[in-house]
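Peer 1: If you want the building blocks of each chain, they are given just below.
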Amino acid sequence: MNSLKRILLVDDSPRDTEMALAALEDYHLANEILTLRDGAEALDYLYRRGQFAAWPPGNPGVVLLDLKMPKVDGLEVLRQIKGDPALQMIPVVVMTSSREEQDVIDSYKLGVNAYVVKPVKFHEFVEAVKRLGGFWAFINQPPPGSARFFDEKSKAEPTQSADPTQSV
Amino acid sequence: MNSLKSILLVDDSPRDTELALDALAAYNLANEVITLRDGAEALDYLYRRGEFAGRTNNQPAVVMLDLKMPKVDGLEVLRQMKGDPALKVIPVVVMTSSREEQDLVTSYQLGVNAYVVKPVKFQEFVEAVKQVGGFWAVVNEPPPVSLRRQPSTGA
Chain A
0 MNSLKRILLV DDSPRDTEMA LAALEDYHLA NEILTLRDGA EALDYLYRRG QFAAWPPGNP
60 GVVLLDLKMP KVDGLEVLRQ IKGDPALQMI PVVVMTSSRE EQDVIDSYKL GVNAYVVKPV
120 KFHEFVEAVK RLGGFWAFIN QPPPGSARFF DEKSKAEPTQ SADPTQSV
Chain B
0 MNSLKSILLV DDSPRDTELA LDALAAYNLA NEVITLRDGA EALDYLYRRG EFAGRTNNQP
60 AVVMLDLKMP KVDGLEVLRQ MKGDPALKVI PVVVMTSSRE EQDLVTSYQL GVNAYVVKPV
120 KFQEFVEAVK QVGGFWAVVN EPPPVSLRRQ PSTGA
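Chains as they are written, first to last, in numbering that gives the first Met the number 0: chain A, 0 to 167; chain B, 0 to 154.
Keep in mind the hints are simulated off the structure, nothing from the lab.
The structure presented is a predicted model; accordingly, all values stated were derived computationally and were not measured.
Accuracy of the hints is not assured; some may be wrong.
Straight-line distance between alpha carbons at most 25 Å, and here's what the computed PhoX-like set of lysine-lysine pairs gives [said to hold, decoys possible]:
| id | chain 1 | residue 1 | chain 2 | residue 2 |
| --- | --- | --- | --- | --- |
| 1 | A | Lys108 | B | Lys4 |
| 2 | B | Lys70 | B | Lys117 |
| 3 | B | Lys87 | A | Lys81 |
| 4 | A | Lys129 | B | Lys4 |
Not the full set, but computed from the structure, chain A residues with beta-carbon under 7 Å of chain B [claimed, not checked]:
| id | residue |
| --- | --- |
| 5 | Ser12 |
| 6 | Leu86 |
| 7 | Met88 |
| 8 | Glu100 |
| 9 | Gln101 |
| 10 | Val103 |
| 11 | Asn112 |
| 12 | Ala113 |
| 13 | Tyr114 |
| 14 | Val115 |
| 15 | Phe124 |
| 16 | Ala127 |
| 17 | Arg130 |
| 18 | Phe134 |
| 19 | Ile138 |
| 20 | Pro142 |
For glycine and all other residues, C-beta sits at the position ideal for the given N, C-alpha and C.
With the hints as constraints, model all of the structure from the sequences given.
Peer 2: As structure tokens, then:
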């Protein structure tokens, strides 16, 4: 399903990705999450190039971004997103195991929207992802052009299968 | 130590402020919540001037900011915060009744961290505030105190 997703999750750890998806299951967001494994894939997706060249346009409502990843790391992805007028309004939430103050400082200076340290304990990790998902997928209003831009607007889309003027 | 994750709530509606405080209290958040009523007070607080000239506690971990307020409105507060290197790292969550697309776009262009439309229904409003507090005062790692402690020269 190459549709526009509400959440882009970028993490090279299959275990963390699986746990995050499980935590978000309660919200029935399974079909709203695109998972990618490194920063190069994330940039290819956001710029609709490479394997994503033919995907429909539009930005995710939020990017959940790991920092330590192969090929292109999270800080570089953040730098490119926040440095590009076409992408900079996308909310980016760093999700990392790093508690290093320098990573927190660099992320905020680059314009990160939020910074979450992944709890080590399974239960706490799930709870943190739930709160994170609850806020960013439902409470935060993403910028125009994103998936879920004013719910009412998408609901108001004329999707009627029948034209009332044609009915007898 | 509460000031490590203190919340600055700026809203000119006493009703919304009271509801928000109740919602945050019900959530058992140990965080200190500072409430102010307009953008002028918010800027005085952040710049430690006027009635807040002697303030010694750290900058808040998050600012919950209404948009339509007397004296100085929320967008102007946001503009000044995000335009000042000493304040721009403080997370700002706009909480507004406005569904105007222009407010949303302007907020994001100015660098808002999140934008929440206040639900009209009481119960939904309380629930939304809980989610805001549950994420921003608990899960989010605020900028280090070293970044938030810097006294600002103000302007």
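Peer 1: Which constraints among the numbered hints does this structure fail? Numbers only, ascending.
Peer 2: Of the numbered hints given earlier, those the structure breaks are 5, 6, 9 and 15, listed in rising order.
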